[in-house]
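So the sequences go chain by chain: W and C. Note that my numbering gives residue 38 to position 38 of the first sequence, counting from 1, and the numbers run on in steps of one. Note that my numbering gives residue 39 to position 39 of the second sequence, counting from 1, and the numbers run on in steps of one.
Derived by calculation from the structure, the hints in this document are not laboratory data. As the structure is a prediction and not an experimental result, all values here were calculated from the model. We put the beta carbon where it would ideally sit given N, CA and C, even for glycine. Do not take every clue at face value.
As the list claims (entries may be wrong) - With a cut-off of at most 27 Å between alpha-carbon atoms, the simulated DSSO-like pairs for lysine-lysine come out as follows:
#, chain 1, residue 1, chain 2, residue 2
1, W, LYS247, C, LYS137
2, W, LYS247, W, LYS184
3, C, LYS137, W, LYS184
4, C, LYS57, W, LYS247
Said to hold, decoys possible - Label pairs and their calculated CB-CB ranges:
#, chain 1, residue 1, chain 2, residue 2, range
5, W, GLN157, C, GLU129, 51 to 61 Å
6, W, LEU32, C, TYR208, 56 to 66 Å
7, C, GLU115, W, ARG170, 27 to 37 Å
8, C, HIS133, W, LEU47, 18 to 28 Å
9, C, HIS133, W, ARG155, 21 to 31 Å
10, W, LEU32, C, SER132, 21 to 31 Å
11, C, SER132, W, ARG251, 34 to 44 Å
12, C, ASP171, W, VAL195, 54 to 64 Å
13, W, VAL38, C, SER132, 51 to 61 Å
14, W, PHE259, C, GLU129, 51 to 61 Å
15, W, PHE259, C, GLY40, 50 to 60 Å
16, W, MET43, C, SER139, 46 to 56 Å
17, C, ALA136, W, VAL38, 35 to 45 Å
18, C, TYR112, W, LEU32, 48 to 58 Å
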Amino acid sequence: MGAIDIEWAGLGIGLLLMVIPVYFLWQLRTGLVRAILVGTVRMCVQLLLIGAYLQYLFLWNRPWLNLLWVTAMVWVAAHTAVSHTRLRWNVLFMPVFGGFILPAVVVGFFFLGFVLQLENVFSSRYFIPIMGILLGNMLSVNVVALSTYYTDLHREQQMYYYLLGNGATRFEATLPFLRSAVVKAFSPCIANLAVMGLVSYPGTMIGQILGGSSPGIAIKYQVMIVVITVSSSMLSLMLTVGLSMRKSFDRYGRLRDVFQSRKRK
Amino acid sequence: MGEVLRIDHLTLETGGHILMRDFNLRVDAGEMVCLSGESGCGKTTLLRALLGFVPLKEGNIHVAGYAMSPERVSDIRRRVDYVPQELSAPCERVGELVEMILGLKTNRRFVYAEERLFSIWEELGLDRELYSHGLAKVSGGQRQRILLSVAALTDKPLLLADEPTAALDEDNARRVNVFLRRLCGQRRAVLVVSHDERLAQDCDRVIYL
């Protein structure tokens with residue numbers, strides 16, 4: 001049994017539910033009404049275009065094209081992460097790009113090759129969605145963690161310089177900041193793990209069931225998706241911070257200004 | 001007594017403004033030297049330059065035989081105890097801060113015993129119950145004495161302290177002066193930045209910047 005298709009009219013009716021958040025955002029004068037409307041329109045247009053594009057990608061199923069597509073996804077994810085953290089492009093872009101692509105490749109291929117045991121790990125039906133879900137999770141973890149890490153490091157420079165001045169290695173002097181960034185980025189994810197299936201029914205599992213898979217298969221996929229997203233996100237964060245450290249400090253360990261300067265109004 | 005610190009022809013600049021020009025200083029083990037001067041004359045900046053936190057415009061700094069350079073700065077820092085004037089730390093308890101500093105790789109060679117720490121605290125007028133107190137509830141003066149006590153547990157050749165008595169009443173300032181003098185009696189030199197006349201009087205030399 002396949003998934004029941006949603007008619008275009010049904011999609012339109014479903015979108016009417018967005019009236020609820022828009023109404024409250026307007027009523028509470030949050031200033032976010034325009035943002036949510038633009039965001040919703042962008043989401044619909046982008047997904048329609050991507051949907052059409054993916055149909056061809058699946059049809060052609062060329063490894064080099066799939067790789068190119070995933071590279072573009074990594075580029076966009078890294079760009080989004082750097083923009084959202086307000087960190088300097090020249091300092092953080094390449095470390096974030098590297099910190100996204102390496103875990104995606106390592107964990108993604110591990111899952112596709114050893115767990116799913118696909119003959120062709122580049123098969124677009126698996127390769128692209130798996131890379132997409134890994135990158136999406138890495139992006140949200142990295143945005144929170146990088147923001148926390150660099151904001152705390154700048155705000156509490158005294159502590160960093162105190163530890164460094166007392167003989168700490170650069171890693172030791174930044175460890176308290178890395179620890180709090182990891183705690184902040186992973187706490188929601190870890191809390192979610194504990195209630196999965198009880199409070200929340202995660203997206204992959206729901207998608208599989210709606211797509212016609214048995215609950216048994218859906219659960220196995222869900223477990224693996226959680227495992228690969230958490231492990232790749234942690235690997236990504238460590239790599240991003242590790243790679244960015246080379247550019248965020250000078251040869252004496254002095255912290256460089258890694259934040260974008262505020263635009264003048 | 002051997003040379004611990006040597007500053008040769010040092011020029012420091014911040015924000016395009018020359019703070020000091022052609023400054024020279026030598027401090028030997030067993031010596032306690034005070035850097036004094038008006039606010040903004042560069043005392044704290046000089047202390048930070050000794051740790052490689054401020055670029056040198058001209059001149060050089062040698063600590064325990066190591067010349068300041070990117071390759072040698074960590075050797076220098078491993079031979080220095082640094083007590084800043086203020087410190088906000090991401091630790092909940094005082095004990096956590098103490099353990100964090102003494103747990104650094106460079107400090108693991110020094111034997112740490114709580115009783116030894118508490119006897120230093122007694123000398124500095126600190127209550128041992130502070131160890132389990134929240135760091136946020138500890139005053140600036142207490143915090144600085146805690147950092148001094150941790151510095152005393154290591155046996156490094158140079159102690160740099162920035163205004164160690166600024167937040168203290170007369171009794172506690174006196175305790176800190178005696179304590180610093182005692183530390184100096186060992187194989188180490190002490191360089192303090194201070195406006196405190198009493199502390200300056202207890203030093204072997206006072207350098208006015």
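Holds or violated: 51 to 61 Å for the Cβ distance of VAL38 (chain W) and SER132 (chain C)? This hint holds: roughly 53 Å between Cβ atoms.
Q.
Given a hint of 18 to 28 Å, does the C-beta separation of HIS133 (chain C) and LEU47 (chain W) actually sit inside it?
A. violated, 55 Å
query: If you check the beta carbons of SER132 (chain C) and ARG251 (chain W), does the distance land in 34 to 44 Å?
result: Taking Cβ atoms as reference, SER132 (chain C) and ARG251 (chain W) lie about 40 Å apart, which means the hint holds.
**Asked** Taking 51 to 61 Å as the hint, is the beta-carbon distance of PHE259 (chain W) and GLU129 (chain C) inside that range?
**Response** violated, 41 Å
For LYS137 (chain C) and LYS184 (chain W), compute the direct alpha-carbon distance and say whether it is at most 27 Å.
With a Cα-Cα distance of about 24 Å, the restraint between LYS137 (chain C) and LYS184 (chain W) holds, given a limit of 27 Å.
Starting from the range 27 to 37 Å, see whether the pair GLU115 (chain C) and ARG170 (chain W) falls in it by beta-carbon distance.
-> At 33 Å between Cβs, range holds.
**Prompt:** Using the C-beta atoms of ALA136 (chain C) and VAL38 (chain W), is the stated range 35 to 45 Å upheld?
**Reply:** Since ALA136 (chain C) and VAL38 (chain W) have Cβ atoms about 42 Å apart, the given range 35 to 45 Å holds.
Go ahead and decide if the range 50 to 60 Å is satisfied by the Cβ distance of PHE259 (chain W) to GLY40 (chain C). Hint violated: Cβ distance 27 Å, outside 50 to 60 Å.
Taking the Cβ atom of TYR112 (chain C) and the Cβ atom of LEU32 (chain W), is their distance within the range 48 to 58 Å? holds, 53 Å
Could you say whether the range 56 to 66 Å given as a hint is met by the Cβ separation of LEU32 (chain W) and TYR208 (chain C)?
Since LEU32 (chain W) and TYR208 (chain C) have Cβ atoms about 58 Å apart, the given range 56 to 66 Å holds.
Exercise. Does the Cβ distance between MET43 (chain W) and SER139 (chain C) fall inside 46 to 56 Å?
Worked result: Since the Cβ atoms of MET43 (chain W) and SER139 (chain C) sit about 53 Å apart, the hinted range of 46 to 56 Å holds.
query = Taking the CB of GLN157 (chain W) and the CB of GLU129 (chain C), does the distance hold inside 51 to 61 Å?
reply = Taking Cβ atoms as reference, GLN157 (chain W) and GLU129 (chain C) lie about 31 Å apart, which means the hint is violated.
Of the numbered hints listed earlier, those contradicted by the structure are 1, 5, 8, 10, 14, 15.
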